[in-house]
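Chemist: Fit chain W to the given chain Y structure using the hints.
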Amino acid sequence: MKIIKYFLLLLIILNFSLTKAFSNENRILVDKISKNLRCLICQGQSVYDSQSEFALSIKLLINEKLEKGNTEKEIYDFLKNQYGDWIVYDPKFDKKTLLLWGIPLILFIFGGILIFRKVFIY
Amino acid sequence: MIFNHIGYYSLVFGFFISLYLLFFSMFLYLKGKLNNQLNLNIYYFSSLQLFLVILSFISLIISFILSDFSNETVYYNSHTTKPLFYKIAGTWGNHEGSLLLWLLVLTLFIFIFILKSNNQPKLYRLLSIFFQQIIITGFFLFLLITSNPFNYLFPIPIEGLGLNPILQDPALVIHPPILYLGYVGSSIIFSSSLAALIENNFSKIWAKHIKNWVFVSWIFLTLGILLGSIWAYYELGWGGFWFWDPVENVSLMPWFSLTALLHTISVLEKRQLLKSWTIILSISTFSLSMSGTFLVRSGILNSVHTFANDPERGVFILTFLFILIFLAVFIFFFFSKNIVNLNEKNFYWLSKDSSIIINNWFMMYFLSVVLIGTIYPIFLEVITSDKISIGPPFFNKLIVPFLIPFLLIMSFGPKLKWIKDRFNKLELDKIFFFVISILISVLIYEKLGQKNLLITILIFASIYLFLISLIELIKSRNNLSQKLSHFGFSLLILSILFNGLFSKEFSSNMKIGDQIEFDNKLIKFKNVESKKGSNYNSIIASFVIEDENKRISKFFPEIRIYNQPNIMTSEADIKTSIFQDKFFVINFLKNENYFNVRYQVKSFMIWIWISTLLIVLGGLIGLVRKIK
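Protein chains in written order, with my numbering: chain Y, 627 to 748; chain W, 87 to 714.
Next comes chain W alone, as it looks inside the complex:
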């Protein structure tokens, strides 16, 4: 009860502070005093704002822990029998709480920004704070008007409605916060690029300083996407890691844009070039992150992830987003003459600069494929009322062929010199790797049942990149961050390819006592038993798989029936080993004695996760080295 009030009024005060900071930073900026100190009030009020939002967030957590059903959010999303861990996690497992988390990260990041930007010009810092406070004010309004997490319920219900069981999962406890750290990090990049544009502050020092934020957002965004993918793999029970589902796509779009920025910012740092392009990427990364939130929350997208939706909220975010984009575009066109460099140098074709531009070219292409593929059905339906579905085949057709040149350029691009490189004699080891890659891919081509030339060439390109980047990694530790990430990327593409090519699956309806042959193995359905969990009942089936050498492995897939809300979930039994995952899942069939049984052997599954972790690790090393 009391926490409801604490939480709500902290938000209200926080909102007024953000109005104050908005006007105060603008006032100081216009006054433009020359001393280089930031007004102490800015420090005080930013830390007070952060404190209030933390207080509000903690109040919500406590309401969840105490199962205080006088709070509407708690009532709709929690239940007394839920384990404590998921009561806490339930705080951000819903719309209101997750927005409060957004706001928390926003205020935290601007606070860190203020602390860490001492070496930057004062006017630039003030402007960055101003833009960031516009975003923060918007989120305060959004929370207070359409999604107040502290709505009061009377009479107080005795029991809550519970959290969607598929969200009751450890990976989902950390997936949203991590992803948000990535999204919100891009807001700092957005604000400070606009400020830098107005102040024409594109020094080397600025590039270095903003590069840290790009790295931070990129690391969290990549990690967040990975966690979501792992969660979907074992919880949604289809055994896939990526379905080109709209909500997955929505998180991938800012990733493409941010990855392009991550590369471009080096050109800016080294050569003070591509300034406008850097700004465009900053704006687009943030806009895509925001529209991600909008598309997920508005219910426009038809997706498994649509947990909560409400048109009013969608309209609010959409309006807010348009205002921000309009503001950004206006500033861009008004001030871009600041940075037009009359003797803007060109790029020599064989140089690191050019290879980074080519990276951006492909990134933008991939981004456009995913963007168009995601929003096209919505527009088509609105305009012609025709409904079409766009799924994996579309994305594969448009992305796979382009990956081949992309991977090949990636194999030599990073080693080129800045500004101008010379075409060296062909090195022997490269020819050697080239031949090896061709041999391996031909071997795989021969072994495959379904012959596909395009896939074979793609295998060749990724093996080549894999070998080249592996050797580079062994040769020297310079530029470890980039080498590790690129190596991880080649491994990722290889693992995805092998996963697609060598995985086997079996799906059938079985009743107790049945046995079916699959892939020279015998799958036997032994029995089922029921068990009671803290807030669910479960049916555990036991299966035995016997291979040709009479070796036996046992599987215990589970079906859980949660009490609040009454939802059934399938918990797969997954046995992970180095080269393959064995994935066993059963489903209930209504009014029948049968279960739907699905057994999949997923090749190189674990390598998809490991390689993505390597990519993230590369980013992390880069960040640590930069901060040092």
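Just chain Y, same shape as in the assembly:
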């Protein structure tokens, strides 16, 4: 529900038009950013890959923010604020994701120790 509300709001702001051509340099950045965003109303697609109205309006929004001179980081932060962490594919390193980043690395080190004990050098 929350998503739809924001989405309608977005549409009104963007004047109901989803079909604006972006300038060349912005287009590359829009593509780059939208590849890292999840299309929230689709099944496992990025905003870049999706052609849903949600995805299209997010792309427009990114373009608008870029024209206003916002940086990439500001755009990500804005979107995370609106839609939650779920929208970005690149999870940041914090308390919540400590184990996510940690477990594979710890396993690697642990495996290394095990192997080191089995292998002799001299």
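Be a bit skeptical, because a hint or two may be false.
The calculated DSS-like cross-link candidates involving lysine-lysine, where the alpha carbons are at most 27 Å apart (straight line), are [said to hold, decoys possible]:
no. : chain 1 : residue 1 : chain 2 : residue 2
1   : W       : Lys668    : Y       : Lys658
2   : Y       : Lys706    : W       : Lys483
3   : W       : Lys294    : W       : Lys712
4   : W       : Lys533    : Y       : Lys658
5   : Y       : Lys661    : W       : Lys610
6   : Y       : Lys718    : W       : Lys483
7   : W       : Lys712    : W       : Lys290
8   : Y       : Lys699    : W       : Lys483
9   : W       : Lys503    : Y       : Lys744
Derived by calculation from the structure, the hints in this document are not laboratory data.
Modeler: This is chain W only, laid out in the frame that chain Y set:
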């Protein structure tokens, strides 16, 4: 109608046979007669079971061909206007049918196992059959209780609901069966490792015999993943070949485990070492294959592949999986004292044995990255109700740096001698290749717009492996299988890197008559026309791309609107050449005169497929040579 009954009762009889075999093999095992012949009843009943499952499967196919909508599965997944080819393929394009296929492969494989394991001790064979029948019984129950493909519908509907159009595709006709052959092959490895553990049957002959099954599963699993990737590339219309989507990951996890096993089994064969580790890998490969089925079918994962899901089924598979894993772990701890070798030898650091252990180390690391990355969001959401997404950036960050040492070790590991090798003087050709690789990667680094040191080092490592394995391949034909697969792997990494670095893409909204400049070329939207297919209407757009020398290439991307179910798909127009694919796709925009147009130049695309095929070919050569 009649086929509904034939199919259903074949399954019921098949289930009872599997109960019979379960008890009979256990009975014979406990009696433990010394003559080395397997009881003929086992042969008869296994072949009867196989026959019944084939009969059931054929009945389902016939129901699909005849569009018999009194069958619920047919009603939900087929339609009279669907081409015959896809009516047949629709048999396994749905949950019930695909499980029946699982069962078919399971019974087929145990039958082949019984025929091909003559040189093995009788008690070991009986135990393997026993464990395999536990799995088969589970699948019979699963089918009959939660996913009966032969449910009867009355009154009989006149028309079916049709198959999801994105599944109506040649690659998808063979992708699931091939992948299943890989998954199910791992069940044989699972059963026979447990049997070998209990019987302490880890002879050289056993290693050779189980190696064939490892190869078979590995070949099919690799091929299955490749087919899925090719399908996603041209059908889902995003122009990528791997998205780190949960369902893709789920097929990659058993692959890592199985690949580790493929290497370890040689150590077992040569030196009778790493027995417990072999068992652990066998158990984990099969568990991961099963959880793959569970995760895809339960709808827990948020993925493009979630075609059918039902919590009840998920609970069943999950319970079944837990029982099997519990059984396996219990057997492992109870019997592993059998195989504890008191004077278990250590490994010398510079030897083929050690390099294989290092391979396993990395494989397990990659496996853990993919595993944690796939299931972490589920657990986090359950525990803290926070939702996070884990996509390509996460996997790239954790995998790319580790690929560098992995590739470098791969460049000399296979050439080391077993047990103990000596550190030879540096060979001139290796230094030469080393320098060349550095030069090429520096050149690429200079040319790149975005400088990335890590990627450059990775390019260096993969070029080095590429050159070394190419030379090895030319030098001699010994060990062709391994050399070809490793060469294929270096080519794969290189192609993926170049694909990522040199691909260009353009995406914009256009209406008829528009032209836009991209990469010194002019993209012109000429016109659209509509066409009628057998079960869809399509809109075909024509585009012209004019380069600076006024050379023209034409593209005809298509949008299809299927009638049953009413779904729109985009069919990309792809022009493949040796060094790049040109990928053109359009999408409909609602209530607008515009189309969303996407044009991508994908570098080295075809080499990703070719290199994976080389990897598979290496496996195939290995298998053929072993059977000979």
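Chemist: Next step is simple, just say for each hint if it's right about the structure.
Modeler: Verification of the supplied hints:
no.: 1; hint: W/Lys668 <-> Y/Lys658; in the structure: 20 Å, holds
no.: 2; hint: Y/Lys706 <-> W/Lys483; in the structure: 21 Å, holds
no.: 3; hint: W/Lys294 <-> W/Lys712; in the structure: 8 Å, holds
no.: 4; hint: W/Lys533 <-> Y/Lys658; in the structure: 20 Å, holds
no.: 5; hint: Y/Lys661 <-> W/Lys610; in the structure: 26 Å, holds
no.: 6; hint: Y/Lys718 <-> W/Lys483; in the structure: 12 Å, holds
no.: 7; hint: W/Lys712 <-> W/Lys290; in the structure: 13 Å, holds
no.: 8; hint: Y/Lys699 <-> W/Lys483; in the structure: 18 Å, holds
no.: 9; hint: W/Lys503 <-> Y/Lys744; in the structure: 18 Å, holds
Of the numbered hints listed earlier, not one is contradicted by the structure.
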